[in-house]
Amino acid sequence: MPRLQRLRVHLRERWRALLSTALAGTAAPCMNPAQAATLPDDRAEATYHLYDGGGVQASGPALLVRKSLGDRVALSAQYYVDAVSNASIDVVTYASPFKEKRIATDFGADWLVGNTTLSLAYNRSEEPDYIAEGVGLDVATEVYGGMTTVSLGFTRARDLVGQKLTQGWIDRALHWQYRAGITQILSPRWLVSLNAEAVADEGFLGSPYRAARVFGAAVPERNPRTRSSRAVKLRSINDTSALVPRSSFRAEYRYYWDNWDVKAHTTEFGVAKHLGTRFMVEGLVRHYSQSKALFYSDDAQAETVFVSRNRQLSTFSTTAVGAKLTATWPGATPGTELRVTGSLERKQFRFRDFTDLRSNRPYAYDANVVQVVVSGSF
Amino acid sequence: MHRTLPLLALAALLGGCVTLPEPWVKPYERERLSDPIMQFSRHGSIDRHREHIHTVREGARGATGVQGGGCGCN
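So the protein lines, in turn, are chains P and L. FYI, this note's numbering numbers position 25 of the first sequence as 25, with every residue one higher than the one before it. FYI, this note's numbering numbers position 68 of the second sequence as 68, with every residue one higher than the one before it.
Chain L with its partners taken away, still in its complex shape (with noise of 0.2 Å):
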């Protein structure tokens, strides 16, 4: 039963049993979204040094939303 729920509930979803709302942000309303205060990353080279720091000497690393690579963190 456990592994059936989650299948019905894919189902439902995927088959249009659910149906999403209309988008309710028009694209005229996001004016102040497109500011640069509104955004995650606003420098993307110091964002990208920041997390290189973090990588070399925190045990964490990931999900950051910046694209990764190797670095030498030896």
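In isolation and in its complexed conformation, chain P is listed as follows (with noise of 0.2 Å):
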């Protein structure tokens, strides 16, 4: 057998042996390296939360429950609502302030194969003119000693789109998302993540109530049908416990770009740090920035095939810094407990081109998030 062709079997061989170790094995996206692959803990939990700003109010209730059957199995649902009082600067400058709900639930199975966790989940968000469905399998599995945790994931998601006073639906999107991550221990106090994802988009990508500029005029904006992205994520986490007693330090980078010309950077810094046997508490900032897509414009000076005025879309800035505080109280029996966390976060979002029409200026606004967790693990 020639040289080459040898080689080329020996790869193939290699490579066969590397992906069917990956697909007997993979991991569940929240897999703790520093432990041998567990399910997570069977738990309930009741969200508040709230988002405040821009004229734009959403809160609601999330209920969760997860539950194990046996070793190896773990189920999970999850119901989330989200009022939605609406009177956003898109709206106020061209429609009229609304008031809708938002329905998300989600199923999700947890099946652990020795160091490899497969995770199947569904998801369905439902408001009066959108529904969007999908459903995800994620593989994460343990190598190297249990030093390296190697992670790979698809989801395959459909939107249907209607607009108010049309009977039916008006168009669809469809998603396609391709992630894979690698976690690996470092040292005993230092812990690193790289994680990427490819997301394509088929079908309606825009609003049918969003209005673009041309001439100074209103005109429904006209986006491309397709998107292809790419992000890329590297996190760090170290403990500080030399400096500050029981205490760690985070930092996260994420690059991401896109075929609409959209390019993005977000970084965000955390600590964390155990107060007494009872509490703990967490603090981050976080600053983002991106350029704007080729075919956005705040008032566009010639006729083109694609126009958007969606502010998304534009060049802006957002920079939040946020709290959040634990408390843990143990339950009756050994691994029970009860945990409280509250945690609220301010962000400010700045754009450079997009007018607020009112007042003839950049857009600027404030906004809060806050959320609050009761949840207990039995």
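Think of the hints as simulated: they come from the structure by calculation, not from any bench. This one's a predicted model, so the numbers in the text were calculated from it and none came from an experiment. Please note that the accuracy of each hint is not assured.
Sample of chain L residues at the chain P side, in silico, Cβ under 7 Å [to be verified]:
#, residue
1, V25
2, F40
3, I46
4, T55
5, G59
6, A60
Cut-off 25 Å, straight-line C-alpha distance, at most; resulting in silico cross-link-like pairs (SDA-like, lysine to any residue) [said to hold, decoys possible]:
#, chain 1, residue 1, chain 2, residue 2
7, P, K273, L, E51
8, P, K101, L, S45
9, P, K101, P, V81
10, P, K164, P, A83
11, P, K67, L, I46
12, L, K26, P, N115
13, P, K99, L, T55
14, P, K273, L, D47
15, L, K26, P, V192
16, P, K273, L, E29
17, L, K26, P, T240
18, L, K26, P, Q184
19, P, K164, P, E126
20, P, K263, L, R57
21, L, K26, P, T38
22, L, K26, P, V113
For every residue, glycine included, the Cβ atom is placed at its ideal position computed from N, Cα and C.
Assemble the dimeric complex from its two separately framed chains, guided by the hints.
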């Protein structure tokens, strides 16, 4: 057999072996590489969440239940309500404020096979004029003496798009998400992880209500019907107990780019510290900045095939600071506990090329995000 | 040549020419890493809610380490 052919056969066999190893046992997204692969705790959670900013208020409860069936399988279900009161800049400029409700339901199953966790998830989000459904599969496996966790995942989602006062659905969108990640223990006090995700979309990728501006006149926005994006995220977390007792420091950076020419940088730093035996306090700072899409224009001065004034596609930055406090009380039996977490985040959105037509100045607003979670493991 | 080099590097790695060192952090040294303060995601529900807020209001998406799905981003 010629040498090149032998090398090819060898490589093919190695690749098959690697692939079968990966498929025989890949990863749950929240696997903790410091421990052997285990299923998440049996847990019931009630959450109240609020987003308030830019004329939009979205709040509501969320309920989560997770239960193991034996040692290898765990099931979970979540019910999430967003009661939205919308008087955003788009709405007050071109329409009337409105209220609506979004209900999301998630079902998940985790299956533990040796050092590998397979996770299957189904989610559905329903609004009067928009339904989104998705099915995802994630596999995570521990390798290299438990020092490395490798994960692969895929989600296929479909949206049905409607428009008020129009019967039935006006269009649809399809989404494919492919993700991979690796988490590595570097030392007894240092963990890093690298995640990558590619997303492809096809169909109606805008809003039937939003208007663009061309020569100062409002016209319906025209978006491409395909979009393809990539994102890479690097995270690091260090035990900093040598500097501050029982504390950690986290740093994250994500770079995003897509074929609409949006490029974005996200940087986040966080600290966490135990206070006594019952409390844990956390703080975070986040900064996000992006460049505009090719076809975005605040007020287009030429007729083009695609045009949008979606501020999500404009040049802008977001800065956020947040704090979180968690209190834990041990339960009557070992392994059970009651946990209460309160979280507050303040966000500032600053747009560079999206004009507030009421004041003729660049648009800016602040928002608050509040979450309270009561959680019991049993 | 620019195509051959990565192939050779891959062949060397898969063929066992590069030997990885023994895992240097033993299981009994991972006590600190299993502390809740050393987890990237401590509160799944809170992180998913934050992620939804960012996906709806920012242009970027993905690579969050959180299992994704469709969302009402209209």
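- For the pair supplied as a hint, L:K26 and P:Q184, is the alpha-carbon distance within the 25 Å limit? holds, 13 Å
- Message: Min Cβ distance, L:V25 to chain P: is it shorter than 7 Å?
- Response: Since chain P brings a Cβ to about 5 Å from L:V25, closer than 7 Å, the hint holds.
- Message: Tell me if the straight-line CA distance from P:K101 to P:V81 falls inside 25 Å.
- Response: Answer holds: P:K101 to P:V81 is near 7 Å, not above 25 Å.
- Message: Given the hinted pair P:K273 and L:E29, is their Cα-Cα distance within 25 Å?
- Response: holds, 21 Å
- Proposed proximity, P:T38 with L:K26 (alpha carbon, max 25 Å): Cα-Cα ~18 Å, so holds.
- Within 25 Å, alpha carbon to alpha carbon, are L:K26 and P:N115? Distance of about 16 Å is within 25 Å: holds.
- Residue hint L:A60, partner chain P, criterion CB-CB below 7 Å: With a closest approach of 4 Å, the L:A60 hint holds.
- Message: Interface hint check: L:G59, Cβ to nearest Cβ on chain P, cutoff 7 Å. Holds or violated?
- Response: Nearest chain P Cβ about 4 Å off; hint holds.
- Holds or violated: P:K99 to L:T55, with C-alpha atoms at most 25 Å apart: Satisfied, since the Cα-Cα distance of roughly 21 Å is no more than 25 Å.
- Message: Does P:T240 sit within 25 Å of L:K26, going by the straight-line distance between their CA atoms?
- Response: With Cα atoms ~20 Å apart, L:K26 and P:T240 stay inside 25 Å; holds.
- Message: Against the 25 Å threshold, does the CA-CA distance of P:K273 and L:D47 hold or violate the hint?
- Response: holds, 18 Å
- Query: Do the numbers back the hint for L:T55, that is, is its least Cβ distance to chain P under 7 Å?
  - Reply: violated, 10 Å
Hint 4 from the earlier list is the only one contradicted by this structure; the remaining hints agree with it.
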